[in-house]
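K.L.:
Chain by chain, the residues run as shown.
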Amino acid sequence: MNSERSTIIRKKDLSLWERMYIPEIVKGMKLTIRQMFAPTFTTQYPDERFQPPASFRGRPVLVEENGVERCVACGLCSRVCPALAIEVQAGETELGKERYPEKFEINMIRCIFCGFCEEVCPEEAIIMSQEYELAFTKPQDALFGKDKLVVPIEKVQTRLNFLRANR
Amino acid sequence: MPTVKITIDGTQIEADNKRTIIEVAREHGIKIPHFCWHPKLSVSGNCRMCLVEIEKMPKLAIACSTQVADGMVVHTKNERVVHARNAVMEFLLINHPLDCPICDEAGECKLQDYTYKYSTGYSRFDEDKVHKPKRIQLGPHVMFDAERCILCSRCVRFCDEIAGVHQLQFIQRGDHTELTTFPGEKLDNPYSMNVVDICPVGALTNADFRFKARVWEMSFTDTICQGCARGCNIEVGVRNNETLRLTPRRNDDVNGYWMCDHGRLDTFKFVNAENRIKAPMIRKDGVLVEVGWDEAIARVASELKSFKKSEVAALGSPFATNEDNHIFQRFVKEVLGTKNVDFVRHIVEGDEDNILLRSDKTPNSIGAAEVGVAPVEGGMSFDAIIEGIHEGKIKALYALEDDVAAVPGVAEVLPKLEFFAVHAANENSTTRYADVVLAAATFAEKNGTMVNFQRRVQRLRPAVTTLELDRAMDGFEMSRWDKFAAHNDKWGKGPRRDARASWKIVASIAAAMGTKFKYNSADEVFNEIAQRVESFKGLSYLKVGKKGAPLKAKAMAPVHA
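Chains as they are written, first to last, in this note's numbering: chain X, 3 to 169; chain D, 445 to 1005.
Be aware that a few hints might be false.
[Said to hold, decoys possible] Keeping only pairs whose Cα atoms sit at most 30 Å apart, straight-line, the calculated DSBU-like set for lysine-lysine is:
| id | chain 1 | residue 1 | chain 2 | residue 2 |
| --- | --- | --- | --- | --- |
| 1 | X | Lys99 | D | Lys713 |
| 2 | X | Lys140 | X | Lys150 |
| 3 | X | Lys99 | D | Lys573 |
| 4 | D | Lys937 | X | Lys140 |
| 5 | D | Lys554 | X | Lys99 |
| 6 | D | Lys860 | D | Lys837 |
| 7 | D | Lys937 | X | Lys148 |
| 8 | D | Lys578 | X | Lys105 |
| 9 | D | Lys960 | X | Lys105 |
| 10 | X | Lys150 | D | Lys927 |
| 11 | D | Lys561 | X | Lys99 |
| 12 | X | Lys105 | D | Lys656 |
| 13 | D | Lys713 | X | Lys148 |
| 14 | D | Lys554 | D | Lys630 |
| 15 | D | Lys927 | X | Lys148 |
| 16 | D | Lys927 | X | Lys140 |
| 17 | X | Lys105 | D | Lys837 |
| 18 | D | Lys656 | X | Lys148 |
| 19 | D | Lys839 | D | Lys960 |
| 20 | D | Lys630 | X | Lys105 |
| 21 | D | Lys839 | D | Lys860 |
| 22 | D | Lys630 | D | Lys573 |
[Said to hold, decoys possible] The calculated label-pair distances, taken between Cβ atoms and stated as ranges, are:
| id | chain 1 | residue 1 | chain 2 | residue 2 | range |
| --- | --- | --- | --- | --- | --- |
| 23 | X | Glu104 | D | Ala855 | 37 to 45 Å |
| 24 | X | Glu104 | D | Val517 | 36 to 44 Å |
| 25 | X | Glu104 | D | Ile538 | 30 to 38 Å |
| 26 | D | Arg568 | X | Gln142 | 49 to 57 Å |
[Claimed, not checked] Simulated coverage check for chain X against chain D, where a stretch passes if three residues somewhere in it have a Cβ under 8 Å from a Cβ of chain D:
| id | segment |
| --- | --- |
| 27 | 25-37 |
| 28 | 71-77 |
| 29 | 83-95 |
Simulated from the structure, these hints should not be mistaken for lab results.
Positions of the beta carbon are idealized from the N, C-alpha and C atoms, including for glycine.
Sequences and hints are given; from them, build the entire structure.
P.N.:
Written out as structure tokens, the structure is:
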């Protein structure tokens, strides 16, 4: 019925040059051999590791300063998180900040690395680190508590500098 | 009542000339921002937030203390007013700390809301803010942060005018002004925590709820306080299926804007308590063992059947709903056929005041009596039942949720019973004597109605889920977490108990004994009450609504407010 609409794009018959094959194979081999000696882009993971730029959004971490986390458990990261990955329970501390996270849990299966938590944080306490190695064998392992989340400020200084510069 | 005609924002309004602009505007849905004005407190006029322009007046005037007059033309949204509000907000924020991340008021803070609505969004103030003491315990239940205070004096006026005790006052002058208690005094009146609700900022916060949850993480369900016969209208704050906070809900016929500290602190913690009865239990070899519902119900049915009608007694409960008590008394009279049915009254004579507290410490004693939990002619009353157990005339007792054994003289006779089944939400002195404990849903886990001391029927709504209920399917209020938590998320769920509303348990026992009570929901039970009980005639859940509805008055029962 619709024979008029369908048009044949490929010619049925190959030309003589094409039917000879050999020259085309030689052309292909030339490219292959040239590539063998060209400089490589592959990173030999895990022997070599990719060092992401400061703008990279790796797993979120809590900044620890002078031995305590900056976080005051305001719950804004938890509220803004579009994937509902963050659970915070506040507690009272003797320190001047009055409030600290008794429990801070990020479900890394839910986390989508959007960085909203970092953006909303009034204390610059949760930031996106450069860590990207996140593999779990069990769903329970993906629940990162304070033990895994809190990192000393020295380790995340590049990201903090980046955030300051781009505020 | 001389009426005057005024114009607010182009709307012509007729009003009583004794009223102020802010009151008249509010009644007609025109919102004038305010901090220090409160409908139930005297006018103070110190926050200057309610400035409005009145034509032919040289300056802006505060709406909260300006009485309406004939021909008055008021503007609440024009440029001059908006400019003045911006200035007021800027001044208020000069010394207000940026504490929102650690402040419990955040999310329900008037200052926060008005900053978004009525302020310019930036500050020209570069100097150091005034520093004042933080984290002060003003009283047993109230925390105070002097820096956050905007000196509106609502709390001072509340104590003076509503609670009737002079405990709070301002000291110092200018921006060093500070709220404090009188020397040697504490903010410890029985209504002290209402200052937390009326505080427009986070200066006064709830010490019990301190840092437990952010307000936006909770769901709020309209229900009724269980502390006494007043039946204050309240909201229950629930997060992760745990009740965390009670706050009063406005009902001018019952409690106004207030509730007492006892109601606020002591009437919800048992819902999450460790000693909750998590499933029905049967005593085996002297120990209560958790069993399935079928087994527990079959056991109660077979035991109750094995006694003579005159040997069985039943106790309803003033803590249970009308629905529970109605099905219970029908079961007792129609299925068990015993005449010995009553309930215990918990009246502490003299422990009442003329604000809210009542001497009757149960939320539904009038309702229980009204639906018919009373001895049938020739039957035994509560005292007679206890005497009967003592004499061995009563051998089996079936009771709704009430700690009967805590009544003096009862615990001694309970071991004489051959069979004792009780509904209970928590382990208490009564469950120690019980052969079967039926896990009852608490007030926060069921639908129902209760009748307060004014003979006003009010609704309970479920806020916490049990195993048989589901937040989404059963029409619960839901927080964001409740809405979006997936089935395999551990949060947003919280502990759920295998408890059931007492009327459902009683109906199952009746079915096991061969009589079918056919109800699918609490409102069907209520409709039956409305048909059968004269004083409930014409009522339905719809008519009771959020604010309650009065029962038909009896000639004998005096209604006093």
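K.L.:
Work down the list of hints and note, for each, if the structure agrees.
P.N.:
Evaluated hints:
1. With a C-alpha separation of about 28 Å, the suggested pairing of Lys99 (chain X) with Lys713 (chain D) holds against the 30 Å cut-off.
2. For the proposed pair Lys140 (chain X) and Lys150 (chain X), the alpha carbon gap of about 16 Å is at most 30 Å, so the pair holds.
3. Among the hinted pairs, Lys99 (chain X) with Lys573 (chain D) is consistent with the structure: their alpha-carbon atoms are about 17 Å apart, no more than 30 Å.
4. This hinted pair checks out: Lys937 (chain D) and Lys140 (chain X) have alpha carbons roughly 21 Å apart, not beyond 30 Å.
5. As the CA atoms of Lys554 (chain D) and Lys99 (chain X) are separated by approximately 23 Å, the hinted pair is consistent with the 30 Å bound.
6. Of the supplied pair hints, the one linking Lys860 (chain D) and Lys837 (chain D) holds, its CA atoms being roughly 10 Å apart against a limit of 30 Å.
7. Taken as a hint, the Lys937 (chain D) and Lys148 (chain X) pair is honoured in the structure, with Cα atoms around 21 Å apart against an allowance of 30 Å.
8. For a cut-off of 30 Å, the pair hint linking Lys578 (chain D) to Lys105 (chain X) stands: about 24 Å separates their Cα positions.
9. Between Lys960 (chain D) and Lys105 (chain X) the CA atoms are separated by roughly 50 Å; this puts the pair beyond 30 Å, and the hint is violated.
10. Restraint check for Lys150 (chain X) and Lys927 (chain D): satisfied, since their Cα atoms lie roughly 28 Å apart, inside the 30 Å limit.
11. Restraint check for Lys561 (chain D) and Lys99 (chain X): the C-alpha separation of about 28 Å stays at or below 30 Å, so the hint holds.
12. With a C-alpha separation of about 12 Å, the suggested pairing of Lys105 (chain X) with Lys656 (chain D) holds against the 30 Å cut-off.
13. Of the supplied pair hints, the one linking Lys713 (chain D) and Lys148 (chain X) holds, its CA atoms being roughly 29 Å apart against a limit of 30 Å.
14. For the proposed pair Lys554 (chain D) and Lys630 (chain D), the alpha carbon gap of about 26 Å is at most 30 Å, so the pair holds.
15. Restraint check for Lys927 (chain D) and Lys148 (chain X): satisfied, since their Cα atoms lie roughly 26 Å apart, inside the 30 Å limit.
16. Distance hint between Lys927 (chain D) and Lys140 (chain X) is fulfilled; the C-alpha atoms sit about 26 Å from each other, no more than 30 Å.
17. Restraint check: the Cα-Cα separation between Lys105 (chain X) and Lys837 (chain D) comes to about 57 Å, which exceeds 30 Å; the hinted pair is violated.
18. Taking the CA atoms of Lys656 (chain D) and Lys148 (chain X), the gap is near 18 Å; set against the 30 Å cutoff, the hint holds.
19. Restraint check for Lys839 (chain D) and Lys960 (chain D): the C-alpha separation of about 26 Å stays at or below 30 Å, so the hint holds.
20. For the suggested pair Lys630 (chain D) and Lys105 (chain X), the alpha carbons sit about 34 Å apart, so the restraint of at most 30 Å is broken.
21. Proposed proximity of Lys839 (chain D) and Lys860 (chain D) is supported: the alpha carbons are some 8 Å apart, at most 30 Å.
22. Proposed proximity of Lys630 (chain D) and Lys573 (chain D) is supported: the alpha carbons are some 28 Å apart, at most 30 Å.
23. Between Glu104 (chain X) and Ala855 (chain D) the Cβ separation comes to about 40 Å, which falls inside the hinted range of 37 to 45 Å.
24. A hinted range of 36 to 44 Å is violated for the C-beta pair Glu104 (chain X) and Val517 (chain D), which are about 56 Å apart.
25. The supplied range of 30 to 38 Å is met by Glu104 (chain X) and Ile538 (chain D), whose beta-carbon atoms lie about 34 Å from each other.
26. Between Arg568 (chain D) and Gln142 (chain X) the CB atoms are about 52 Å apart, so this pair conforms to the stated range of 49 to 57 Å.
27. Judged by the Cβ-Cβ criterion of 8 Å, the segment 25-37 of chain X is not covered by chain D as claimed, because only 0 of its residues qualify and three are needed.
28. Coverage of the segment 71-77 of chain X by chain D holds [criterion: at least 3 residues with CB-CB distance below 8 Å; count 4].
29. Check on the segment 83-95 of chain X: 5 of its residues sit with their Cβ under 8 Å from a Cβ of chain D, so the three-residue criterion for coverage holds.
Of the hints listed earlier, those the structure fails to meet are numbers 9, 17, 20, 24, 27, in rising order.
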